[in-house]
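Colleague: Residues per chain are reported as follows:
There are 2 protein chains.
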Amino acid sequence: MNFSLRQKNLRLQLGESEIDALLVSHLPNIRYLCGFTGSAGFLLVSEREKVFFTDSRYRKQAQEQVKGAKVIIARNAVLKAVGDWIRDRRRRWKLGIEAEHLTVAERKRLLEFLPSGLRLRTAPPLVERARMVKDIEELRLIRSAVQLGAALFDRALEVIKPGVKEVEVAAEMEYEARRGGAEGMSFPTIIASGARSALPHGRASEQCIAPGGFVVCDFGVILAGYCSDQTRTVWVGLELEKARSAYYAVKAAQEAAIAAVRPGITVGDVDSAARKVLAKSGFGRYFTHSTGHGVGLEIHEPPRVAAAQTEVLKPGMVITIEPGIYFPGEWGIRIEDMVAVTDGGCEVLTPTGKDFVAV
Amino acid sequence: MNFSLRQKNLRLQLGESEIDALLVSHLPNIRYLCGFTGSAGFLLVSEREKVFFTDSRYRKQAQEQVKGAKVIIARNAVLKAVGDWIRDRRRRWKLGIEAEHLTVAERKRLLEFLPSGLRLRTAPPLVERARMVKDIEELRLIRSAVQLGAALFDRALEVIKPGVKEVEVAAEMEYEARRGGAEGMSFPTIIASGARSALPHGRASEQCIAPGGFVVCDFGVILAGYCSDQTRTVWVGLELEKARSAYYAVKAAQEAAIAAVRPGITVGDVDSAARKVLAKSGFGRYFTHSTGHGVGLEIHEPPRVAAAQTEVLKPGMVITIEPGIYFPGEWGIRIEDMVAVTDGGCEVLTPTGKDFVAV
Numbered sequence: 001m002n003f004s005l006r007q008k009n010l011r012l013q014l015g016e017s018e019i020d021a022l023l024v025s026h027l028p029n030i031r032y033l034c035g036f037t038g039s040a041g042f043l044l045v046s047e048r049e050k051v052f053f054t055d056s057r058y059r060k061q062a063q064e065q066v067k068g069a070k071v072i073i074a075r076n077a078v079l080k081a082v083g084d085w086i087r088d089r090r091r092r093w094k095l096g097i098e099a100e101h102l103t104v105a106e107r108k109r110l111l112e113f114l115p116s117g118l119r120l121r122t123a124p125p126l127v128e129r130a131r132m133v134k135d136i137e138e139l140r141l142i143r144s145a146v147q148l149g150a151a152l153f154d155r156a157l158e159v160i161k162p163g164v165k166e167v168e169v170a171a172e173m174e175y176e177a178r179r180g181g182a183e184g185m186s187f188p189t190i191i192a193s194g195a196r197s198a199l200p201h202g203r204a205s206e207q208c209i210a211p212g213g214f215v216v217c218d219f220g221v222i223l224a225g226y227c228s229d230q231t232r233t234v235w236v237g238l239e240l241e242k243a244r245s246a247y248y249a250v251k252a253a254q255e256a257a258i259a260a261v262r263p264g265i266t267v268g269d270v271d272s273a274a275r276k277v278l279a280k281s282g283f284g285r286y287f288t289h290s291t292g293h294g295v296g297l298e299i300h301e302p303p304r305v306a307a308a309q310t311e312v313l314k315p316g317m318v319i320t321i322e323p324g325i326y327f328p329g330e331w332g333i334r335i336e337d338m339v340a341v342t343d344g345g346c347e348v349l350t351p352t353g354k355d356f357v358a359v
Numbered sequence: 001m002n003f004s005l006r007q008k009n010l011r012l013q014l015g016e017s018e019i020d021a022l023l024v025s026h027l028p029n030i031r032y033l034c035g036f037t038g039s040a041g042f043l044l045v046s047e048r049e050k051v052f053f054t055d056s057r058y059r060k061q062a063q064e065q066v067k068g069a070k071v072i073i074a075r076n077a078v079l080k081a082v083g084d085w086i087r088d089r090r091r092r093w094k095l096g097i098e099a100e101h102l103t104v105a106e107r108k109r110l111l112e113f114l115p116s117g118l119r120l121r122t123a124p125p126l127v128e129r130a131r132m133v134k135d136i137e138e139l140r141l142i143r144s145a146v147q148l149g150a151a152l153f154d155r156a157l158e159v160i161k162p163g164v165k166e167v168e169v170a171a172e173m174e175y176e177a178r179r180g181g182a183e184g185m186s187f188p189t190i191i192a193s194g195a196r197s198a199l200p201h202g203r204a205s206e207q208c209i210a211p212g213g214f215v216v217c218d219f220g221v222i223l224a225g226y227c228s229d230q231t232r233t234v235w236v237g238l239e240l241e242k243a244r245s246a247y248y249a250v251k252a253a254q255e256a257a258i259a260a261v262r263p264g265i266t267v268g269d270v271d272s273a274a275r276k277v278l279a280k281s282g283f284g285r286y287f288t289h290s291t292g293h294g295v296g297l298e299i300h301e302p303p304r305v306a307a308a309q310t311e312v313l314k315p316g317m318v319i320t321i322e323p324g325i326y327f328p329g330e331w332g333i334r335i336e337d338m339v340a341v342t343d344g345g346c347e348v349l350t351p352t353g354k355d356f357v358a359v
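These protein sequence lines are chains F and D, in that order.
Residue numbering for the first sequence follows our numbering, starting at 1 and increasing by one per position.
Residue numbering for the second sequence follows our numbering, starting at 1 and increasing by one per position.
By construction, these hints were calculated from the structure, which means they are not laboratory data.
Some hints here could point you the wrong way.
One copy or two, either will do: identical chains are not told apart, so a pair holds if it fits within one copy or between any two.
Pairs of lysine-lysine, PhoX-like flavour, derived with a Cα cap of 25 Å [claimed, not checked]: (1) 251 with 280; (2) 165 with 60; (3) 108 with 94; (4) 314 with 60.
All values derive from a computational prediction rather than experimental measurement.
Build the full structure now, drawing on both the sequences and the hints.
Modeller: Put into structure tokens, the structure is as follows:
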């Protein structure tokens with residue numbers, strides 16, 4: 001990873017944002033900027049300095065992983081080490097904080113440790129914005145994660161049948177993920193059968209799959225730090241014409257949104273491309289969530305692909321396209337791929353077919 | 001779960017804490033108080049009212065799960081619904097917030113939505129303190145989680161041998177967990193072999209287990225919402241006397257700390273019981289972390305079992321006892337059980353033996 005370029009880009013933006021330094025506290029942002037993958041630390045970036053603070057548990061790991069920043073191991077609280085470092089150097093900064101991630105208590109402790117001449121400012125989401133556009137190495141890692149993730153659905157299809165518990169399907173998929181090298185799942189695996197398929201967040205439960213219903217499978221892996229995210233919905237039992245036609249309405253909406261993805265279009269317009277198709281089919285009011293979200297080091301990251309959002313797509317952005325319709329108490333359908341925005345349109349990363357499948 | 005008792009206890013404490021109402025934002029606290037297991041929501045508790053706010057994704061789940069509180073589904077931002085509710089009722093509260101969990105940005109949004117007569121106060125950790133002492137039903141669930149967790153180590157012993165990758169061991173354990181009904185792992189499984197065993201947080205990697213070293217296995221499951229946490233360290237290859245004696249020093253320290261656990265003692269004294277034994281064996285300076293932590297709905301929760309901590313143990317508290325020693329670049333050893341404080345001392349929940357095992 002080109003950490004020095006990422007750090008340089010951030011430092012260039014500090015001036016434009018009217019802050020002298022940024023205290024990066026969100027761990028995925030820290031990983032993006034300097035490579036540290038541990039669970040505790042702060043990265044301080046000013047125009048001239050880059051310092052990473054952590055505690056003694058991470059001494060060795062920080063020394064090995066952190067690129068382009070001085071490593072300081074805190075003797076006491078890590079935020080105290082940050083405050084002491086700034087105080088010793090008599091900086092009179094406007095110090096940016098990541099308000100969406102720093103807790104109220106952390107901010108208070110930080111203020112106690114900081115010299116009085118220093119002011120805190122809510123920084124714009126500089127690192128999140130940079131992370132939206134993936135570089136070539138990130139795209140390579142994301143492709144690998146998506147490929148591994150897709151293999152889990154092949155395994156699911158071998159397992160899904162009437163009488164099998166949802167959690168048993170999840171168990172087989174997660175085992176496949178681990179054996180394929182995944183560090184873990186990118187979120188709790190959703191296997192939602194029967195009426196549970198109408199829950200957009202129906203984590204795998206002890207419920208047995210029964211004939212005559214959909215099974216929504218929404219799952220993803222973390223591989224080398226990057227997340228995959230995919231949804232397929234399969235029918236169990238004798239095919240119903242009503243289910244089949246609803247399925248193809250969702251598929252058409254999903255494909256319309258994918259067809260809309262290209263540089264220069266807003267994410268709101270991608271969302272409405274899916275929404276229009278479902279409205280025409282009479283399913284508009286059953287599509288109760290947004291069309292997608294960015295994916296990368298985090299399973300949910302900017303941009304939100306949702307109604308009226310004005311973010312403009314750029315080459316290198318990676319988003320999900322996942323319309324769904326839900327009939328509470330009956331069934332639900334969702335189809336989700338990951339796509340990467342290219343110069344001319346987009347590349348669908350998810351290799352799995354989308355035809356109606358009955359098992 | 002006796003949610004009404006928990007809510008009543010909290011309401012009794014509001015007055016003593018000089019706040020009129022508490023806005024509970026930490027999800028495990030929300031689950032503890034009203035049963036909601038979703039990933040977005042706020043619970044507002046005043047002396048007379050209990051209201052749970054969430055978004056439309058969780059409409060059905062909230063209606064089914066939330067006990068003892070009115071459910072409000074926000075049309076826009078959930079914090080706006082909270083603010084509107086308070087504003088409509090013209091409350092002039094001192095409103096407590098959970099400063100360790102609420103982000104700086106959430107606090108700012110909340111202030112925008114709240115009426116001007118309302119003041120925010122950092123609340124003491126009322127719910128965390130209540131959660132430290134587990135009731136009978138919680139202890140039953142924790143015992144089940146610990147039993148399932150312990151079965152994973154039996155599986156690990158079948159798999160660990162030279163040439164097997166650390167992640168392969170983790171894959172088999174996690175598969176066993178899922179098949180046993182676990183919702184997931186309570187933290188990323190640590191399988192740390194060879195020199196990696198000297199990393200206190202050595203997540204399972206692609207490294208192959210080699211003869212002549214320790215393998216630290218630190219793992220836990222989530223079952224019905226409650227976490228387990230256990231560590232065992234096994235030797236691979238021909239037994240070395242030096243390794244064996246170091247192992248038994250850690251075991252003696254761990255057992256000394258367990259022997260110290262009883263109502264009325266401070267967690268600091270439990271910590272020093274372990275530390276003294278390792279100091280006597282000459283390993284004191286290699287024991288670089290604290291002795292343990294509380295476990296329940298979260299894998300790490302109060303109390304911290306660490307040097308100089310003054311929290312006094314009470315019956316119903318559940319903590320880990322996990323001393324370890326680490327020789328960077330060489331090897332490490334950690335042994336961890338979960339124990340529940342009883343009226344007369346403690347009950348060791350973890351059933352797994354602790355004798356030196358060479359595979």
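Colleague: Now, for every hint given, state plainly whether the structure supports it.
Modeller: Comparing the hints with the structure gives:
| no. | hint | in the structure |
| --- | --- | --- |
| 1 | 251 with 280 | within (13 Å within a copy, 69 Å between copies) |
| 2 | 165 with 60 | between (43 Å within a copy, 22 Å between copies) |
| 3 | 108 with 94 | both (16 Å within a copy, 19 Å between copies) |
| 4 | 314 with 60 | neither (38 Å within a copy, 37 Å between copies) |
Violated hint for the displayed structure: number 4, the only one.
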